[in-house]
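**Student:** Same order as they appear, the protein sequences are chains U and X.
Per our numbering, the very first residue in the first sequence carries number 286; after that it's consecutive.
Per our numbering, the very first residue in the second sequence carries number 8; after that it's consecutive.
Hint data in this document are derived by calculation from the structure and do not stem from the laboratory.
None of these values were measured; they are calculated from a predicted model.
Hints may be right or wrong, so weigh each one.
Pairwise CB distance ranges, derived in the manner of DEER restraints [as the list claims (entries may be wrong)]:
hint, chain 1, residue 1, chain 2, residue 2, range
1, U, Tyr443, X, Met97, 23 to 33 angstroms
2, X, Arg335, U, Phe389, 40 to 50 angstroms
3, U, Glu633, X, Met145, 30 to 40 angstroms
4, X, Val263, U, Arg639, 50 to 60 angstroms
5, X, Ala457, U, Asn586, 41 to 51 angstroms
6, X, Thr326, U, Leu395, 23 to 33 angstroms
7, U, Arg636, X, Gly111, 42 to 52 angstroms
8, U, Arg639, X, Glu147, 49 to 59 angstroms
9, U, Leu395, X, Met97, 39 to 49 angstroms
10, U, Arg636, X, Glu147, 41 to 51 angstroms
11, U, Arg636, X, Glu394, 51 to 61 angstroms
12, X, Glu394, U, Leu391, 52 to 62 angstroms
13, X, Gly276, U, Ser425, 27 to 37 angstroms
Even glycine gets a Cβ: it sits at the ideal position worked out from N, Cα and C.
Single-letter residue listing:
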Amino acid sequence: MSRRFSPQSIALTLAAPLVAAVFGLGISSIALMITHNSPLETFRAMWDYGTQVGSLIEMVNLGAVYYIAALAVALTFKAGLFNIGVESQIRLGALFAAWIGAMFTLPPVLHVFVILVVASLVGAMWAFLPALLKVKRGVSEVISTIMLNSIGSALSAYLLADHFQQLVAGSNNVTTKPLPQSAWVPDLMSWLNRVGIKDVPGGGPYGLVFLAVALGFLYSFIVNRTRFGFDLRASGASPTAASVSGVNPKRMIILAMMLSGAFAGLAMMPVMLGESHAYTLGFRGGVGFTGIAIALLGRNNAVGIAFSSLLFGFLEVSARILELNGIATEIYIIMQGAILLSAVAAYEVVRRYRETLNARALARAGVTA
Amino acid sequence: MNELAVELRHIVKKFPGVVANKDVSLKARRGEVHALVGENGAGKSTVMKVLYGMQRPDAGEILVDGQQVRFRTPAEAIAAGIGMVHQHFMLADNFTVLENVILGSEPTKHGRIDTAAARARILEMAAAYGLDIDPDAMVENLGVGERQRVEILKVLYRGAKILIFDEPTAVLVPQEVDELFAALQGLRAEGLSVIFISHKLDEVLRVADNVTVLRHGQTVAEVAADSVTAQDLAELMVGAELPTAPPRSTVPHERVVLSLQGITVGGQGTRDLLHDVSFEIRAGEVVGIAGVEGNGQHELIDAIIGLAPCQGTIVYNGTDISRFSVARRRDSGMGLIPEDRQREALLMGSALWENRMLGHQRSAPVARHGVLQLKAVKADAAVIMREYDVRAPGPETPAHALSGGNQQKFIVGREMSRQPSLLLASHPTRGVDVGAQAAIWEELRKARDAGMAILLISADLEELMAMSDVIKVMLRGRISGTFDPQRTTLEQLGVAMTVASA
Ligand SMILES: Nc1ncnc2c1ncn2[C@@H]1O[C@H](COP(=O)(O)OP(=O)(O)OP(=O)(O)O)[C@@H](O)[C@H]1O
Ligand SMILES: [Mg+2]
């Protein structure tokens, strides 16, 4: 985990994602050509659309949601676990937060705070189940979280339809009772106005983008600077050495999974408190799965994950223009996948290249021990 | 019979920050046991990894049977008849002995693994070389000594003509060493070549025909074993005197630090892994445990540190800690030097300063209110490296980049840095060179005189005799005898370790 900040070293650090992006574009080009589209024009259209103010705001909003989900996944990667259940932890966290949050009004900031607490508690509790199964019965968390995703989505659909639903006249959208205004978090459009950016139709960046940023700092702090984070990383690096050092492996599984679930529960909060003000059936799915890819691309590093989230958000938003050109928007999924795979390969290539460079530099300098 | 089997010419190998091999040359003939000696970090393991195709040299030539070769992978070296038994075993834990031995070169019959043929061959080889092992045992249940035998079988199974042993005797007790050496003589008689690395100079002289001495990555001498003494070798290696143990001038205190009463650890079968073990260690006392590997030593340490569930009572500094967690026991001042340093005591991919925290992450100076004190930790890691002469570029160096002996020195330094009131030390000087061994013994003696209690488990009987105030022999999970090192000979101990009625 050593870091040296020479220009060359920084260039090398950036090289992997760049190479991956270029490679990912290459593969996407092939996919486009197979479907008889011009890659250059497609990319140009995506770039032009994606860099408009409205699109960039959407990118940030989507990126914030992905970011929180990816942090949740990364936490378990650090511990040598794999929480695939982020998807349903997000969903149940949001559903219960919406339901409970709409039951009362409180002073504005406090109300938001209570909703956030509920969302993360529910996420943590849903993640506790697979942890318990692993600790007590040795069930792989990979399997149990996948199954709990199915159960979670069925459960949330049932609860929403039969218990939490509020019928809205003239709409067939199934939704919970709207949150009172005290639970709304205003967007940041007025901030943008102040620096000369005009209003756009879709609204400004969610206020809770700051929640994502704060969670990024929190993640980094917990993982790198606290004893708990050390225990977590030690368990991931060597379970044997960790338990000899006094880490209780069972406790660590439970804590890591619950903390991950607590993060996951918060992932939809920027949208819910900033825009929809209720849990609706139309809430986007797959955030938890995208989070896995982003955590991998970002190498479990808070900053790396931030860039990856924005990249994924950018691709997704900018691909929307393609519909107008008669190109399947799903091309962005191919791009995301291609970038991820190339990144994993590129990290390895750069790592080896760096070692060779080191060895050569030494050979030239004739350094001795 | 005296043709050269292997020749290394002017090998150079560099790592980031370190030149591991500056200029290493070595010649081994057919039918020869050739020893490679040098202090920790001299580059012994590295040059053997080069020969075995695990590392590519930056310069130099390798000749096998007079032909120049260039190995890119161990597979190519194996194909050329070179086999290696590593200092740190590379076995798949969840496989059986048989599966590990044939892994990668499975005999097949009609497209399926021919287990029967494999078993027959393994048993035959095991008998021929005196390597007693159960082919169906799971490797995770084996002790270090048995694991080594699996490694040796693995190499022989691949038809090696040139065998490299990296510190094969470090983990063995005298009888096992004798068995191994007898096997080596057998190999030599068949015209095979053996290159072996060791820090135990007496053994080197006993078994080797010729000795190559490395110093700071360079070959400084090649001598015939019968023309030198251990002292000569030590001087060639480090310019140091052989360590001698001055007799103890202090006496243990009266205060009991650790008291074990009826400690029993159950096993999977009918026999307990540890049965009704009771003894006390007083402040300033060193209790040595002698025994053949796998007779309950590991379980004893695990029971005391809280890793193995056990019956009986453990009283530590007047408190019954039988129900305490591992963390609580460690934090109450127990230092631990585990048997298998790479698996149990290090995070191999992490920097040394991170490893400084391992096992100490809950207390000052590593953490305060749960927050790591990274600056203090890094500074402290540097201090340990200096005081224990850990040769590595710095605290940022990852643990895997250290030579085996330097890893061990770091672990000893880390555990001593907390000034534990009890040190559980399994093979504390395993793999360290004669100079560093003397230094570690000196540190342990100083701490002992200042009141630290030590439980010393060692395969090195001379170490036990030199350091212990009392020696207990473990046999099949029980304490089978207690000896006063002043009035016991190595032979008596050796007998007690293998014969039940002591
Ligand atoms: N993979 C690696 N990366 C960086 N440095 C390394 C690596 N492997 C070994 N070294 C360094 O090369 C030097 C020689 O190490 P080597 O393991 O060959 O020593 P050794 O003679 O076997 O010592 P010991 O007796 O302690 O086992 C040491 O300074 C070590 O830190
Ligand atoms: Mg070595």
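**Student:** Sort out which numbered hints this structure fails and list those numbers smallest first.
**Tutor:** 1, 6, 7, 8, 9, 10, 11
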